[in-house]
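Asks: Start from the sequences, fold in the hints, and give me the full structure.
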Amino acid sequence: MAKLTQLIDNEVFQAYATYATVVLLKMMMMSLITAYFRMTTKAFANPEDAASFGKGEAAKKYLRIDPDVERVRRNHLNDLENIVPFLGIGLLYALSSPELSTALLHFRIFAGSRIFHTFAYLIPLPQPSRGLSWMTGYVVTISMAYKVLKTALHL
Amino acid sequence: MAKLTQLIDNEVFQAYATYATVVLLKMMMMSLITAYFRMTTKAFANPEDAASFGKGEAAKKYLRIDPDVERVRRNHLNDLENIVPFLGIGLLYALSSPELSTALLHFRIFAGSRIFHTFAYLIPLPQPSRGLSWMTGYVVTISMAYKVLKTALHL
Amino acid sequence: MAKLTQLIDNEVFQAYATYATVVLLKMMMMSLITAYFRMTTKAFANPEDAASFGKGEAAKKYLRIDPDVERVRRNHLNDLENIVPFLGIGLLYALSSPELSTALLHFRIFAGSRIFHTFAYLIPLPQPSRGLSWMTGYVVTISMAYKVLKTALHL
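Chain order of the listed sequences is A, B and C.
Residue numbering for the first sequence follows numbering that gives the first Met the number 0, starting at 0 and increasing by one per position.
Residue numbering for the second sequence follows numbering that gives the first Met the number 0, starting at 0 and increasing by one per position.
Residue numbering for the third sequence follows numbering that gives the first Met the number 0, starting at 0 and increasing by one per position.
Hints may contain errors.
Repeated chains share a single entry, so a pair holds when one copy, or any two copies, can fit it.
Below, in silico cross-link-like pairs of lysine-lysine (DSS-like), each with a Cα-Cα straight-line distance of 27 angstroms or less [what the hints assert, rightly or not]:
#: 1; residue 1: Lys41; residue 2: Lys149
#: 2; residue 1: Lys25; residue 2: Lys146
#: 3; residue 1: Lys41; residue 2: Lys25
#: 4; residue 1: Lys41; residue 2: Lys54
#: 5; residue 1: Lys60; residue 2: Lys25
#: 6; residue 1: Lys25; residue 2: Lys149
#: 7; residue 1: Lys59; residue 2: Lys149
#: 8; residue 1: Lys54; residue 2: Lys146
#: 9; residue 1: Lys54; residue 2: Lys25
#: 10; residue 1: Lys146; residue 2: Lys41
#: 11; residue 1: Lys41; residue 2: Lys59
The hints are simulated quantities; they were obtained by calculation from the structure and are not laboratory data.
Replies: Written as structure tokens, this is what we have:
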């Protein structure tokens, strides 16, 4: 049990735990935003969901694709595609004994880039705002991957 | 080596390992269900897949979208969106020294909610069955995130 | 701090760290391939992206679905569906004290199967090339899940 406590007592690991949780909560928020847009625009993917808003023929017209809903869904999928690598590589990076300040720099820039990316996607801001925020998070993840492979390479 | 053994010997960590594996296996099963529906309804996304069922023009008619296949795929994507946060936050939660009974309560409710969610999606059950099962898993994950941030906050 | 160093000094864990990073980098590469195809075929999902290539009506014609882009996106989603279980189950497997040689066998076959799967999807190779490479990675993940549940089962 002592070992577990020591893992979470390590400052780099605490920083990872904090920022990983923050970006996952941000990603989870996309589900609520999708639900909000589906309800306000009445655009559903499943007949049983549309049925809450009308019966029979009336329900069918709510089975449709709405551009705002699709935008939120693309944002959510982009989160998955980028936050999953951060979770995996970031965990291994946190275990590879980086300097606390360097680790914090990586985690903060990544979290900041994903939060900015969400605003850039949903407002939407003109390009290349979204492209650059995506690339920032991408480069941070590559930088952590380089440290992991330098520390732990065992092919 | 001793340290690794001690990590997996911790009861809370064992519980996490068990339930994380169970929900991941459940999610992996969605691939088999998709394959089953694609083959029985003959609805494929790739020309090279349809080619196994007919040549030339005959193959083209199998390149189509089937509502049952799309339902399984939406269920699979919903799993990804919800099980990824559980994996990440649940791991950090398991390392934050929760009571075993509290941890088991979280893991069991989450796994149960995702299994029920799958039945609610695929049968399908009338709403709000699916909505409530989704929300149950969502709230469990938020509760674990709260414990992680309370234990390890390091911004 | 010593404990963290010891975790990453464990050879099985190093092997996991290496192969998890490799498959995540491979998955991240799909984003670049998608961007490349979107730009060369001029097929965008967002009006603000198409706006870089033309104004007003000219931009609208770039808001379209291209079969090559969709193929890369299906490949990317398939990566997510299969690499997420590998990350989670593989981490727990690495902590369940497997033999180094057995662990390396699992990790190498999984990484190889996903790299081959990408070539089979994007060239594309005739079936069952892609199907078999997918199934190989799937079976490896199930085998690791079996070891995890045998070592750590705590329901």
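Asks: Evaluate each hint against the coordinates.
Replies: Checked hints:
no.	hint	result
1	Lys41 - Lys149	neither (51 angstroms within a copy, 38 angstroms between copies)
2	Lys25 - Lys146	both (26 angstroms within a copy, 17 angstroms between copies)
3	Lys41 - Lys25	within (24 angstroms within a copy, 31 angstroms between copies)
4	Lys41 - Lys54	within (14 angstroms within a copy, 31 angstroms between copies)
5	Lys60 - Lys25	neither (32 angstroms within a copy, 33 angstroms between copies)
6	Lys25 - Lys149	between (30 angstroms within a copy, 17 angstroms between copies)
7	Lys59 - Lys149	neither (56 angstroms within a copy, 46 angstroms between copies)
8	Lys54 - Lys146	neither (57 angstroms within a copy, 43 angstroms between copies)
9	Lys54 - Lys25	neither (35 angstroms within a copy, 33 angstroms between copies)
10	Lys146 - Lys41	neither (47 angstroms within a copy, 36 angstroms between copies)
11	Lys41 - Lys59	both (11 angstroms within a copy, 25 angstroms between copies)
Going down the numbered hints, you'll see the structure goes against 1, 5, 7, 8, 9, 10, while the others check out.
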